[in-house]
Amino acid sequence: MPAHFTHLIFAEEALLAALGSTGKEVLKSFGNLFRFGAQGPDFFYHNQSSRPTGLKYGSIIHRWGYGQLVGNMALQARRNKVAPVSSVNAFILGFATHAPLDRYTHPFINYFSGWVSPIDRESRQYFRCHPFLERIIDVLMLKRRRQIEPMDFDFFSLIDCGPALAYPILKLLLKSLHATYPGVHFKSRDRRRIENAYRDAIFFYRVTDHRRPEYRRMAWEMDQQDSSDIKRLALFHPLEIEDDIDFLNLNKAEWLHPCYKELRSTSSFPELYDKAKEETVVILKSLWQSLASGASPEKAVKKISNASLDSGRDDRGRCNRKYSSPLPLKRLIDQLYSRYN
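Its first residue numbered 32, the sequence shown is counted upward by one per residue in our numbering.
If a hint is listed, it holds; no wrong ones were tucked in.
In silico DSS-like cross-links for lysine-lysine, where the CA-CA straight-line distance does not exceed 30 Å:
no., residue 1, residue 2
1, LYS306, LYS55
2, LYS308, LYS353
3, LYS334, LYS202
4, LYS334, LYS316
5, LYS334, LYS112
6, LYS55, LYS202
7, LYS112, LYS59
8, LYS202, LYS333
9, LYS55, LYS112
10, LYS308, LYS292
11, LYS316, LYS59
12, LYS87, LYS206
13, LYS87, LYS330
14, LYS308, LYS202
15, LYS330, LYS206
16, LYS55, LYS308
17, LYS330, LYS316
18, LYS174, LYS283
19, LYS361, LYS283
20, LYS316, LYS306
21, LYS55, LYS316
22, LYS262, LYS174
23, LYS206, LYS59
Across the chosen pairs, the derived CB separations fall in these ranges:
no., residue 1, residue 2, range
24, ARG220, ARG349, 24 to 30 Å
25, SER219, ARG248, 37 to 43 Å
26, ALA197, LEU270, 30 to 36 Å
27, ARG248, ILE276, 24 to 30 Å
28, LYS283, ARG177, 23 to 29 Å
29, LEU294, GLN366, 31 to 37 Å
30, LYS55, GLN320, 14 to 20 Å
31, LYS202, LYS353, 40 to 46 Å
32, ALA284, ALA197, 41 to 47 Å
33, SER259, LEU294, 31 to 37 Å
34, GLY214, GLN320, 27 to 33 Å
35, PRO213, GLU293, 33 to 39 Å
36, PRO213, GLU273, 46 to 52 Å
Keep in mind that the hints were calculated from the coordinates and are not lab data.
Keep in mind it's a predicted model, so treat the numbers as computed, not measured.
Built from N, CA and C at the ideal position, the CB exists for glycine as well.
The whole structure should be built from the sequences, with the hints applied where relevant.
This is the structure in structure tokens:
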């Protein structure tokens, strides 16, 4: 899946293309909630410290049920009779943008970054390569789509929704998750899972701020103290990127879906981005009709679909990754550490 810069840029572009002046009003009034919503279920993955943890929701939402989840959010908004341009609907619109971009680009990122398999010791070399490639792509897409350098991009100020999620958003997530995934319903603890995931995500975004060199230094020092090879520096956006490596596949090399060899492509990342955006514009138009009028969200649910965000297929997370051709990301990560050493 792309990292947080790309999801933010993508969501704003899709919203404005789909809703025009209404999209501008959403961004003006509730921009941070929309942009945080665009991070989708990824914020649950950042719940690494606080307990009880919401990690399980990050995994299950990526596997199956995204369309149904967004549909349940829309139904919850209708029951509460929220205004068309409201904090709740802004979050729902943002959340809906996450799925198409993940589905189109996650196979690309997996293929070119590799992964760690518990039964393959050699694959340990690919640890942190996936998030590092995501952050390289973030920087490159920021330059392509916004024509700005990462040091001029204050991501944190654009997604910070305060010390805690507003109660209407918390309630929206809680009830929609319970309706979509009743098998993992633990009502007495799930509110805390969402609260903890949000706080940990905000903390993560703050301490990996690419514009703050003291945080990079702190990450390096923590790595030196750890006995395990955590490689925290790979979680920061690089400020310098080698221009002789085709990270975006602009040269159109053939690549395979990591799980399905018959799915071959020569698409570049920007081409996949554009395909996802075209699909998302259609989704947002349909979803907005439901949110603004109170009509059934069923059409939007079908357009979003319940397919896996990881594989882009309706395999419920049973994608057995086999095929990859990793870029020299390990070397680049090692170079980050050699500069400090």
